[in-house]
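Participant: Each chain is listed here by its residues.
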Amino acid sequence: MKRHKLSTRLWHWINLVCVVMLFMSGLTISNAHPRLYWGDWGFAPEQAWLIVPRFPDWMTIPGYYSLAVARDWHILMAWPFALGLLFMWMAMLLNRHFKRDIATSRKDWKPAAIAADIKAHLRLDFDHGQGKYNFLQKLAYGLVLGVFLPMMVFTGIAISPGMEPTFGWLIEILGGRQSARSLHFIFAFATLGFFIVHVVFVLLAGPFGQIRDMITGGRSHEA
Amino acid sequence: MKRRGFLAVLGAAFVAGCNKVAETNAGSKLLGAAEKWHEGAHRFLTDRKALAPEYPRSAISPYFRGNGSIDPQNGDYPQQAAENFANWRLEVRGLVENPMTLSLDNIRRLPQRTQITRHDCVEGWSAIGEWTGPQLSVLLDAAKLRPEARFIVFRCADNLNGADYYESVDLIDAYHPQTIVAHQLNGEPLPIRNGAPLRMRIERQLGYKHAKYLTAIEAVASLEEIGEGNGGYWEDRGYQWYAGI
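Keeping their order, the protein sequence lines are chains A and B.
Numbering of the first sequence is given in the working numbering, commencing with residue 1 and proceeding in unit increments.
Numbering of the second sequence is given in the working numbering, commencing with residue 1 and proceeding in unit increments.
Each hint should be verified, as a subset may be incorrect.
[Said to hold, decoys possible] Going by beta-carbon spacing under 7 Å, a handful of chain B positions derived as facing chain A: (1) A8; (2) C18; (3) T46; (4) A52; (5) R65; (6) W125.
Bear in mind the hints are in silico, worked out from the structure with no lab data behind them.
Note that the Cβ used here is the ideal one computed from N, Cα and C, for glycine as well.
With the hints as extra help, turn the sequences into a complete structure.
Facilitator: Given below as structure tokens:
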């Protein structure tokens, strides 16, 4: 097992803080208008595709209802989150972490290979064989880094009215501002879903060693 | 249940930490600075005159939601409403060479702009409507801004929870082609809930910038002496002055 690169470790922990703060302040923002719509506009319950439950104060930043304070945190943390993601992508492409460890090959996608990997997960057998990650890990990390987190940035830009004169095409691709807002919410919860699965597998795989390795880099088994 | 309790404790500790950071001088400065970074990025990426999207008639929402004040009862507003706003006056004042007082008829006789745009509330909802009125730039050019003028303040008739509503923009948004003093919504005089008889449209920013029940347009050099000094009713209650985010 190869060591985690310094860039990976740095980004991982900074990103964790950003995502947690963005998510918790986002819940307050959801409480301000807990309905989601498709298309360009929507404001009334009969236009909504989802009535979102009210999130209790203990889940939210600032811990009581204040849309103004939640927005302050949200727009502050958006910067390290978005720039950090950009940094991680550049680092991953330059140091070949993406190509070597995360990108899948055609043979990974063979149904038999996928089934075998799922069975191994169900047996809680996390032997990675040759590579750093197995197929399901590659898929999960690829989805989070390549889809969920970038979509948080893009849909966030699309909701900002000041960005629209320049990024009108982006809002159009996403299906209108209220669709972009719905997608912002959906990808936030997809990211939460990844977070839960990720934490569960870290716990199953031995949390002490996993967390230590993500801080120190871990020992290289090839050495 | 135990795990949820643990999560709640963890969440509460985290939130308490965030609140502590926000209370410190550096923390609150950082939170304020982030707004400026967004404004800078938006201004850098977007041309001063770049337009917010305009929609076809078919996209207009069946009803245009009102928020904040939707039926002011303070001052002489109810009486003005009863008179159908026949005696409403809009002042253009402050740092201008030619202060003006305009009737609704004066305003309707100016060159008009009609635009079908989307209104985005800070809460998250959107509605689309067709607005008609003169561009603010026409009024400002007629009044002739003095060189010291840096902001345009909008004074409003409504009093919300004990404070007079007001708003402000810089000269970039004041002179934006879609910044109009609207007197019509969807071809009809403005309904009271949407700001009758006059409201601002500041199309590249959130709804609270679009001051309703407009009584005066005031050119100023600084926002510090007005209200609580943050440039608007909601800004005085912690919201961003730059509402394009």
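Participant: Hint by hint, which ones does this structure get wrong, listed from lowest number up?
Facilitator: none
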